[in-house]
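Student: Okay, here's what each chain looks like letter by letter:
Number of protein chains: 2
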Amino acid sequence: MGTNSILSPIQNDLQQVETLLRESVQVDFAPLSGVFETLIESGGKRIRPALALLATKLHPTDPDQAATLAVAIELVHAATLIHDDLIDKSPVRRGSPTVNSRWSGTATVLAGDYLLARAADIASGIENLRVMRIFARTLMIICDGEIRQDFGGVHWPPNREEYFRHIQSKTASLFKAATETGAVLSGAPEAEIDALAAFGHNLGMAFQIADDILDFTADEQALGKPVGSDLRQGTLTLPVFYFIAQDPRGPRVEALLERSDRDGDEMEDLVQAIRNSPAVVASEQEARRFAQAAIDAIAILPDNIYRRAMTELAQYVVERTL
Amino acid sequence: MGTNSILSPIQNDLQQVETLLRESVQVDFAPLSGVFETLIESGGKRIRPALALLATKLHPTDPDQAATLAVAIELVHAATLIHDDLIDKSPVRRGSPTVNSRWSGTATVLAGDYLLARAADIASGIENLRVMRIFARTLMIICDGEIRQDFGGVHWPPNREEYFRHIQSKTASLFKAATETGAVLSGAPEAEIDALAAFGHNLGMAFQIADDILDFTADEQALGKPVGSDLRQGTLTLPVFYFIAQDPRGPRVEALLERSDRDGDEMEDLVQAIRNSPAVVASEQEARRFAQAAIDAIAILPDNIYRRAMTELAQYVVERTL
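Protein sequence lines, in the order shown, are assigned to chains A and B.
Add 323 to the 1-based position in the first sequence for this note's numbering, that's all there is to it.
Add 323 to the 1-based position in the second sequence for this note's numbering, that's all there is to it.
A hint or two may mislead.
Since the list gives no way to pick out one identical chain from another, each pair is judged satisfied if it fits inside one copy or across any two copies.
Unchecked claim - In silico SDA-like pairs for lysine to any residue, Cα to Cα no more than 20 Å straight-line: (1) 493 with 351; (2) 368 with 407; (3) 548 with 537; (4) 493 with 350; (5) 548 with 596; (6) 548 with 584; (7) 368 with 338; (8) 493 with 352; (9) 412 with 426; (10) 412 with 427; (11) 412 with 428; (12) 548 with 413; (13) 368 with 537; (14) 493 with 553.
The set of hints was computed from the structure by calculation and includes no laboratory data.
In this text the structure is predicted, and so the values were computed from the model without any measurement.
Taking the hints into account, I'd like the entire structure generated from these sequences.
Tutor: Now the structure itself:
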């Protein structure tokens, strides 16, 4: 089942979000508008705005405010993509040249900053202070994670706890912000807000682990980049940790990462070895554990089409092939 | 008269702000705390927090909220200093090594971002949505200006309108945000909010023009950098525009800026020529015009120690020697 079918209960809301998103990046300075439009129009799954919308559905919520929230959440996501691509020196995103491949590093970061400020501006239109505070705190968590990553480089021995902390700040924090702010906006009682925040956090963790697995297992053409790109860049993800811990070829990873040329046959062999190893299965189990924790977290909510969509979304993120 | 004497009516408030500022940058990640502490403890005039505090004084305002606002304003300023030093490649700020001289470009921008998020977090504690919105919009204006500067480089012929737009976004926007949010927080009527916003804007314009003049006229030891640093870096400021328009040696500026080596005897001569030219006097008149506009803007406010302090501040920023 794809996301379109899962998200059919909020299809109209998502269409409104799409329109508002395009409007939101029409800014005065043409080069900025250009890069924002490219980024927004090249798509993406819109999982984060969908989560924000779903989380508003338990109680009657002004649909315009819900859509505004979803737009602000997606703009924060778009801003972090701009920064991530710069940090990772990625040339292409969703088939289009990245901002960093066209602009200076400084201009690229400022473009991301501008989008964050725009997100804050839009979020302030919701007129809910608790929502604003969650936005600000989430930004701090994301920046903190990015700085630690920039400082860290490749650690050895690889630290699994650091990996979990990093994906929490990089991905799960914004998933959590989406569901938590959605619940706050709907006027949900605290127990439901907590449940939806926990759902978002665990879903985000599952989503990122699945993403990191797909970097090894997905079809190269669908990925749009070489299989094992993270490892080639020196980024150690969960499958690599399991591989190092379980496979006799584990020590080769360290030797290879120390070399300046990481793109030879040896790396190719290693990526294939990880791809076909039980490390992938162990990582998938971990992702499923988080997805199940997400589903369990919302067990206290009434069983309706929105809770079912959230449950299906949690199942989907760990079963998708891209 | 120095700022200490001018700001004596809010001396206690400023002391509370100083304490809160130091607390506000105690963050979990030690390297971040370190650079923030260096930046905050190395001082600065605290004119922006002073403006925010003064603007709250016309109506009874919770002193803790006023101090919180002043802290958030100064943190935004500190964040923009981090970004500015990176853009200008400045090695030293207030006698201490800049963040960009110690960290990668990416980490430096993220450190600035983190501080902006922290400012938003602190500002959200004020629980005033209009204040939050002014913060978000001001950030957009500042980012927009920084990106345009990064895109622009040296324009020729120099464009005086662009200079005014640039210092408006770079400096005057935050001065305006300080006085406007202060007035909003105090519950001032709209006419007073407008007056204080106009005061902040015009004061900021005067302040930045005076700063740009001092780059030519101040004592080199007090400046802590060579006289004419802006011009040596290719940044054209108001005295340069007047010099080009009025002095027979004007065309030399363009010739010199086109050369990769801008630090020879010719540049030295040119900086001295500008320093001693009527272009400085014309620029000072422009700064005084903005200072007077600031003073005129608050003529509608009751005449008390706070309005007098603001008036004196406007006189001070154009008369200071550093």
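Student: Evaluate each hint against the coordinates.
Tutor: We went through each hint and held it up to the structure:
In this homomeric assembly, residue 493 and residue 351 come within 20 Å of each other (Cα to Cα) only across copies, at 17 Å, whereas the closest approach inside a single copy is 30 Å. In the homo-oligomer, the alpha carbons of residue 368 and residue 407 lie at most 20 Å apart inside one protomer (17 Å), although the nearest pairing across protomers, at 36 Å, exceeds that limit. Proximity of residue 548 to residue 537 under the C-alpha cut-off of 20 Å is restricted to the intra-copy arrangement: shortest distance 12 Å within a copy versus 53 Å between copies. In the homo-oligomer, the alpha carbons of residue 493 and residue 350 lie at most 20 Å apart only across protomers (18 Å), although the nearest pairing inside one protomer, at 27 Å, exceeds that limit.
When the C-alpha separation of residue 548 and residue 596 is checked against a cutoff of 20 Å, the pair qualifies only within one copy, where the shortest distance is 18 Å, while the shortest distance between copies is 57 Å. In this assembly of identical chains, residue 548 and residue 584 lie within 20 Å of each other by CA distance solely inside one copy; the values are 18 Å within and 43 Å between copies. Taking the shortest Cα distances, residue 368 and residue 338 sit within 20 Å of each other inside one copy (13 Å), while across copies they are farther apart (50 Å). In this assembly of identical chains, residue 493 and residue 352 lie within 20 Å of each other by CA distance solely across copies; the values are 16 Å between and 29 Å within a copy.
In this assembly of identical chains, residue 412 and residue 426 lie within 20 Å of each other by CA distance both inside one copy and across copies; the values are 12 Å within and 17 Å between. For a Cα distance limit of 20 Å, the shortest separation of residue 412 from residue 427 qualifies both inside one copy, at 12 Å, and across copies, at 14 Å. With identical chains, the CA atoms of residue 412 and residue 428 are at most 20 Å apart both within one copy (10 Å) and between copies (13 Å). In this homomeric assembly, residue 548 and residue 413 come within 20 Å of each other (Cα to Cα) only inside a single copy, at 10 Å, whereas the closest approach across copies is 38 Å.
For the homomeric pair residue 368 and residue 537, the shortest alpha-carbon distance inside one copy (16 Å) is at most 20 Å, but the shortest distance between copies (53 Å) is not. In this assembly of identical chains, residue 493 and residue 553 lie within 20 Å of each other by CA distance solely inside one copy; the values are 15 Å within and 38 Å between copies.
The earlier numbered hints are all upheld by this structure, with none contradicted.
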